[in-house]
Amino acid sequence: MKFAQDIIIRPLITEKSMDMIADKKYAFEVARDATKPDIAHAVEELFGVKVAAVNTINMKSKPKRVRYAEGKTAQWKKAIVTLKADSKGIEFFEGMN
0 MKFAQDIIIR PLITEKSMDM IADKKYAFEV ARDATKPDIA HAVEELFGVK VAAVNTINMK
60 SKPKRVRYAE GKTAQWKKAI VTLKADSKGI EFFEGMN
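So the sequence shown is residues 0 to 96, counted in this note's numbering.
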């Protein structure tokens, strides 16, 4: 069994994710093997909110080059978590606006 801290790696702080806060949607980088129910349970446990839906996106690696060395960025998984209408917001994100 995984701990909630192992599933939610970090919050994503971008312009687009900050605009989604008004709709009670929050973006996180999550573990690549995490399922939607795992993510929902982890967010509810860590932040004390009620989750309505979870959408996940597998972010593919991109080719990168530094001078003569070529490589790729790491693959990762993004989750967009929608909270229920009667749920309070996540305090961490509320201070960012």
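Keep in mind the hints are simulated off the structure, nothing from the lab. None of the values given here were measured: they were computed from a predicted structure. Hints are not guaranteed to be accurate.
As the list claims (entries may be wrong) - Below, in silico cross-link-like pairs of lysine-lysine (DSS-like), each with a Cα-Cα straight-line distance of 27 Å or less:
#, residue 1, residue 2
1, Lys-23, Lys-77
2, Lys-35, Lys-15
3, Lys-76, Lys-23
4, Lys-63, Lys-87
5, Lys-63, Lys-24
6, Lys-83, Lys-61
7, Lys-15, Lys-71
8, Lys-77, Lys-15
9, Lys-77, Lys-61
10, Lys-71, Lys-59
11, Lys-83, Lys-35
12, Lys-71, Lys-61
13, Lys-87, Lys-59
14, Lys-24, Lys-77
15, Lys-63, Lys-23
16, Lys-15, Lys-76
17, Lys-87, Lys-24
18, Lys-71, Lys-49
19, Lys-63, Lys-1
20, Lys-15, Lys-87
21, Lys-61, Lys-35
22, Lys-87, Lys-61
23, Lys-49, Lys-1
24, Lys-71, Lys-87
25, Lys-35, Lys-76
26, Lys-23, Lys-71
Taking the hints in turn, this is what the structure says about them:
1. Lys-23 / Lys-77: 16 Å, holds
2. Lys-35 / Lys-15: With a Cα-Cα distance of about 21 Å, the restraint between Lys-35 and Lys-15 holds, given a limit of 27 Å.
3. Lys-76 / Lys-23: 20 Å, holds
4. Lys-63 / Lys-87: Violated, because 40 Å separates the two Cα atoms, which is more than 27 Å.
5. Lys-63 / Lys-24: 31 Å, violated
6. Lys-83 / Lys-61: Violated. Lys-83 to Lys-61 sits at ~34 Å, over the 27 Å cutoff.
7. Lys-15 / Lys-71: Satisfied, since the Cα-Cα distance of roughly 24 Å is no more than 27 Å.
8. Lys-77 / Lys-15: Holds, at roughly 13 Å.
9. Lys-77 / Lys-61: Given that 27 Å is the threshold and the Cα spacing comes to 15 Å, the pair holds.
10. Lys-71 / Lys-59: Since the Cα atoms of Lys-71 and Lys-59 sit roughly 10 Å apart, the hinted pair holds (cutoff 27 Å).
11. Lys-83 / Lys-35: Holds, because 16 Å separates the two Cα atoms, which is no more than 27 Å.
12. Lys-71 / Lys-61: Measuring from Cα to Cα gives roughly 5 Å; hence the hint holds.
13. Lys-87 / Lys-59: 33 Å, violated
14. Lys-24 / Lys-77: 13 Å, holds
15. Lys-63 / Lys-23: Violated. Lys-63 to Lys-23 sits at ~34 Å, over the 27 Å cutoff.
16. Lys-15 / Lys-76: 17 Å, holds
17. Lys-87 / Lys-24: At roughly 12 Å apart (the allowed maximum being 27 Å), Lys-24 and Lys-87 satisfy the hint.
18. Lys-71 / Lys-49: This hinted pair is violated, its Cα atoms lying about 37 Å apart.
19. Lys-63 / Lys-1: 32 Å, violated
20. Lys-15 / Lys-87: 21 Å, holds
21. Lys-61 / Lys-35: Measuring from Cα to Cα gives roughly 25 Å; hence the hint holds.
22. Lys-87 / Lys-61: With Cα atoms ~36 Å apart, Lys-87 and Lys-61 exceed 27 Å; violated.
23. Lys-49 / Lys-1: 20 Å, holds
24. Lys-71 / Lys-87: Not satisfied, since the Cα-Cα distance of roughly 39 Å exceeds 27 Å.
25. Lys-35 / Lys-76: This hinted pair holds, its Cα atoms lying about 11 Å apart.
26. Lys-23 / Lys-71: Measuring from Cα to Cα gives roughly 33 Å; hence the hint is violated.
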